[in-house]
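The primary structure of each chain is shown beneath.
Number of protein chains: 2
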Amino acid sequence: MPKIDLAAIEQTNRTGYPAEFAEAVAGRWVRKLGPATGLSEFGVSHVVLNPGAASSQRHWHEEEDEFVVMLSGEAVLVDDSGRTPMRAGDMASFPRGDGNGHHLVNESGEDCVFLAVGRVPQGRAHYPDIDLIWSGEAYHRKDGSRF
Amino acid sequence: MPKIDLAAIEQTNRTGYPAEFAEAVAGRWVRKLGPATGLSEFGVSHVVLNPGAASSQRHWHEEEDEFVVMLSGEAVLVDDSGRTPMRAGDMASFPRGDGNGHHLVNESGEDCVFLAVGRVPQGRAHYPDIDLIWSGEAYHRKDGSRF
Chain A
1 MPKIDLAAIE
11 QTNRTGYPAE
21 FAEAVAGRWV
31 RKLGPATGLS
41 EFGVSHVVLN
51 PGAASSQRHW
61 HEEEDEFVVM
71 LSGEAVLVDD
81 SGRTPMRAGD
91 MASFPRGDGN
101 GHHLVNESGE
111 DCVFLAVGRV
121 PQGRAHYPDI
131 DLIWSGEAYH
141 RKDGSRF
Chain B
1 MPKIDLAAIE
11 QTNRTGYPAE
21 FAEAVAGRWV
31 RKLGPATGLS
41 EFGVSHVVLN
51 PGAASSQRHW
61 HEEEDEFVVM
71 LSGEAVLVDD
81 SGRTPMRAGD
91 MASFPRGDGN
101 GHHLVNESGE
111 DCVFLAVGRV
121 PQGRAHYPDI
131 DLIWSGEAYH
141 RKDGSRF
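Protein sequences, first through last, are from chains A and B.
Residue 93 in the UniProt record's numbering sits at position 93 of the first sequence; the count goes up by one each step and never skips.
Residue 43 in the UniProt record's numbering sits at position 43 of the second sequence; the count goes up by one each step and never skips.
Here chain A stands alone, though its shape is the one from the complex (with noise of 0.2 Å):
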């Protein structure tokens, strides 16, 4: 049956983030549902923020297309442009190499949910707040240095 259940698909909150960046995405609670469902050609991620958590890091990638939609809740999406609240149904696309950093802040008092779409992930990408570069394959601080 092509309906998904979420329930049956495992929900982490694990991240790659170096200890020092690890905070903000401690309450992010996330669902792969590409993989658990069968789809190989793009992904998408449930996301569940808890009150106070980030979608992320604020980044941008050199090489990977996404997209959001919020499911319920709000949240606000920090970028380059300033602050926009995000209600159910609102989205948000984030082309690949624009050099604008981005992320979603739960500061409400209630979960909020939402999906977000790419491709594999792949290539750069780049943290214009914090001391931290993706180089594609790992995670080190913008001098070249590994954590």
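It is worth saying that the hints were derived from the structure and are not from the lab.
Certain hints may be false.
To be verified - No more than 20 Å apart at the CA atoms, straight line, and that leaves these computed lysine to aspartate or glutamate pairs for DMTMM-like: (1) B/LYS32 with B/ASP80; (2) A/LYS3 with B/ASP90; (3) A/LYS32 with B/ASP90; (4) A/LYS32 with A/GLU10; (5) A/LYS142 with A/GLU62; (6) B/LYS3 with A/ASP98; (7) A/LYS3 with B/GLU74; (8) B/LYS3 with A/ASP90; (9) A/LYS3 with B/ASP80; (10) A/LYS3 with B/GLU107.
Claimed, not checked - Coverage of chain B stretches by chain A, computed from C-beta distances (three or more under 8 Å per stretch; other residues unrestricted): (11) 30-40; (12) 64-72; (13) 86-94; (14) 97-103; (15) 113-122.
Here a beta-carbon is modelled for each residue, glycine too, at the ideal position from N, C-alpha and C.
Given chain A, work out where chain B should sit, using these hints.
Frame of chain A; chain B shown alone:
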């Protein structure tokens, strides 16, 4: 600003279906969000189904994963496993090559809204209920004749 302004994106009920199969989707109103917002790696269609309208003829793709999420209203997912109500927040995956013809039908009295995600269309599509095949380049009948 990454947040999508739906009102600024063209909405159309155009279809490439042969005339005899087009009536079912006359009340399907699509906005293609990917090209309009700078995404090229995958497509996202914002779809409003008027009462009585279907998302497509029932079909499956040989070479194209599909994913849908309901944003508002109610539709019935019709596939080989039967009929499944789909409401806001409900999601479904259609892995390429699964052979399971599917579509959404709005049998309610109100509009419903969903998003459909897929790669750039490619490969053959099969329509189990009607005399139609998409070759990857054109529609034709199952005996190979053209419309």
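Consistency of the hints with the structure:
no. : hint                  : in the structure
1   : B/LYS32 with B/ASP80  : 28 Å, violated
2   : A/LYS3 with B/ASP90   : 7 Å, holds
3   : A/LYS32 with B/ASP90  : 15 Å, holds
4   : A/LYS32 with A/GLU10  : 8 Å, holds
5   : A/LYS142 with A/GLU62 : 15 Å, holds
6   : B/LYS3 with A/ASP98   : 14 Å, holds
7   : A/LYS3 with B/GLU74   : 14 Å, holds
8   : B/LYS3 with A/ASP90   : 7 Å, holds
9   : A/LYS3 with B/ASP80   : 12 Å, holds
10  : A/LYS3 with B/GLU107  : 18 Å, holds
11  : 30-40                 : holds (count 6)
12  : 64-72                 : holds (count 6)
13  : 86-94                 : holds (count 8)
14  : 97-103                : holds (count 3)
15  : 113-122               : holds (count 5)
Going down the numbered hints, you'll see the structure goes against just number 1.
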